[in-house]
Amino acid sequence: EAGVVQSPRYKIIEKKQPVAFWCNPISGHNTLYWYRQNLGQGPELLIRYENEEAVDDSQLPKDRFSAERLKGVDSTLKIQPAELGDSAVYLCASSSPPGTSGSSSYEQYFGPGTRLTVT
Amino acid sequence: DQQVKQNSPSLSVQEGRISILNCDYTNSMFDYFLWYKKYPAEGPTFLISISSIKDKNEDGRFTVFLNKSAKHLSLHIVPSQPGDSAVYFCAACSYGQNFVFGPGTRLSVLP
Numbered sequence: 019e020a021g022v023v024q025s026p027r028y029k030i031i032e033k034k035q036p037v038a039f040w041c042n043p044i045s046g047h048n049t050l051y052w053y054r055q056n057l058g059q060g061p062e063l064l065i066r067y068e069n070e071e072a073v074d075d076s077q078l079p080k081d082r083f084s085a086e087r088l089k090g091v092d093s094t095l096k097i098q099p100a101e102l103g104d105s106a107v108y109l110c111a112s113s114s115p116p117g118t119s120g121s122s123s124y125e126q127y128f129g130p131g132t133r134l135t136v137t
Numbered sequence: 002d003q004q005v006k007q008n009s010p011s012l013s014v015q016e017g018r019i020s021i022l023n024c025d026y027t028n029s030m031f032d033y034f035l036w037y038k039k040y041p042a043e044g045p046t047f048l049i050s051i052s053s054i055k056d057k058n059e060d061g062r063f064t065v066f067l068n069k070s071a072k073h074l075s076l077h078i079v080p081s082q083p084g085d086s087a088v089y090f091c092a093a094c095s096y097g098q099n100f101v102f103g104p105g106t107r108l109s110v111l112p
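Protein chains in written order, with the working numbering: chain A, 19 to 137; chain B, 2 to 112.
Hints were generated in silico from the structure; no laboratory data involved. Do not take every clue at face value.
What the hints assert, rightly or not - Taking lysine to aspartate or glutamate pairs in the EDC-like style, the calculated list, with each CA pair at most 20 Å apart, reads:
{"#": "1", "chain 1": "A", "residue 1": "Lys96", "chain 2": "A", "residue 2": "Glu70"}
{"#": "2", "chain 1": "B", "residue 1": "Lys72", "chain 2": "B", "residue 2": "Asp2"}
{"#": "3", "chain 1": "A", "residue 1": "Lys29", "chain 2": "B", "residue 2": "Asp2"}
{"#": "4", "chain 1": "A", "residue 1": "Lys33", "chain 2": "A", "residue 2": "Asp92"}
{"#": "5", "chain 1": "B", "residue 1": "Lys6", "chain 2": "A", "residue 2": "Asp74"}
{"#": "6", "chain 1": "A", "residue 1": "Lys34", "chain 2": "A", "residue 2": "Glu70"}
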């Protein structure tokens with residue numbers, strides 16, 4: 019079974035430029051998460067989707083960040099314009115409710131992340 | 002205010018000995034806890050979980066202990082192997098809510 023796929027793996031941009039990250043979750047997982055992980059810290063949730071609906075975007079800086087999950091499968095996270103403080107690893111994760119798709123608990127499956135460097 | 006704390010940024014253990022990683026939380030509503038392991042340039046991978054109705058869960062070399070009164074959980078790895086060297090994250094949630102992750106502990110298992 020393929021895992022969570024993210025691209026690109028690395029991105030270097032100048033401040034004020036736009037950037038977009040793409041995520042393809044595990045097949046059958048209806049919940050998708052975007053996290054940001056700063057150096058030396060744990061992942062922090064930006065947005066959570068249930069199918070195509072964003073059910074929690076309270077931590078998403080909406081002045082510059084946007085996300086979409088068309089058709090309830092793939093998702094894109096965008097930053098426009100990027101700031102120096104946006105440098106971090108952006109992680110996508112997916113999950114299915116316990117008892118479905120072979121899952122026995124609430125674990126999330128993470129992709130490898132996109133390391134963003136804003137210069 | 003950090004709701005999930007891992008106060009040891011790093012830990013070194015000799016191969017074959019026990020590794021004990023600690024995690025403390027402040028939110029008494031948390032009722033489900035997970036441990037994740039992360040290698041460099043990879044995403045976190047699920048290791049083991051425990052719900053608040055239990056005080057221990059075991060999976061092979063990995064055991065998680067939960068002390069609800071102390072709001073403390075620990076991950077025991079016995080015996081430790083060099084391949085266990087990674088960053089370990091503790092995560093907690095209350096039912097229907099999002100997980101909150103700790104800052105991680107870097108474990109180094111020395112041969």
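A quick look at each hint next to the structure:
1. Between lysine 96/A and glutamate 70/A, the direct Cα distance comes to roughly 16 Å. Compliance with the 20 Å bound is thereby established for this hinted pair.
2. Note on lysine 72/B and aspartate 2/B: the hinted pairing holds, with a Cα-Cα distance of about 16 Å set against a maximum of 20 Å.
3. Of the supplied pair hints, the one linking lysine 29/A and aspartate 2/B is violated, its CA atoms being roughly 31 Å apart against a limit of 20 Å.
4. With a C-alpha separation of about 27 Å, the suggested pair lysine 33/A and aspartate 92/A falls outside the 20 Å cut-off, and the hint is violated.
5. As the CA atoms of lysine 6/B and aspartate 74/A are separated by approximately 23 Å, the hinted pair breaks the 20 Å bound.
6. Restraint check for lysine 34/A and glutamate 70/A: the C-alpha separation of about 29 Å exceeds 20 Å, so the hint is violated.
Comparing the model with each earlier hint shows violations of hints 3, 4, 5, 6; every other hint is respected.
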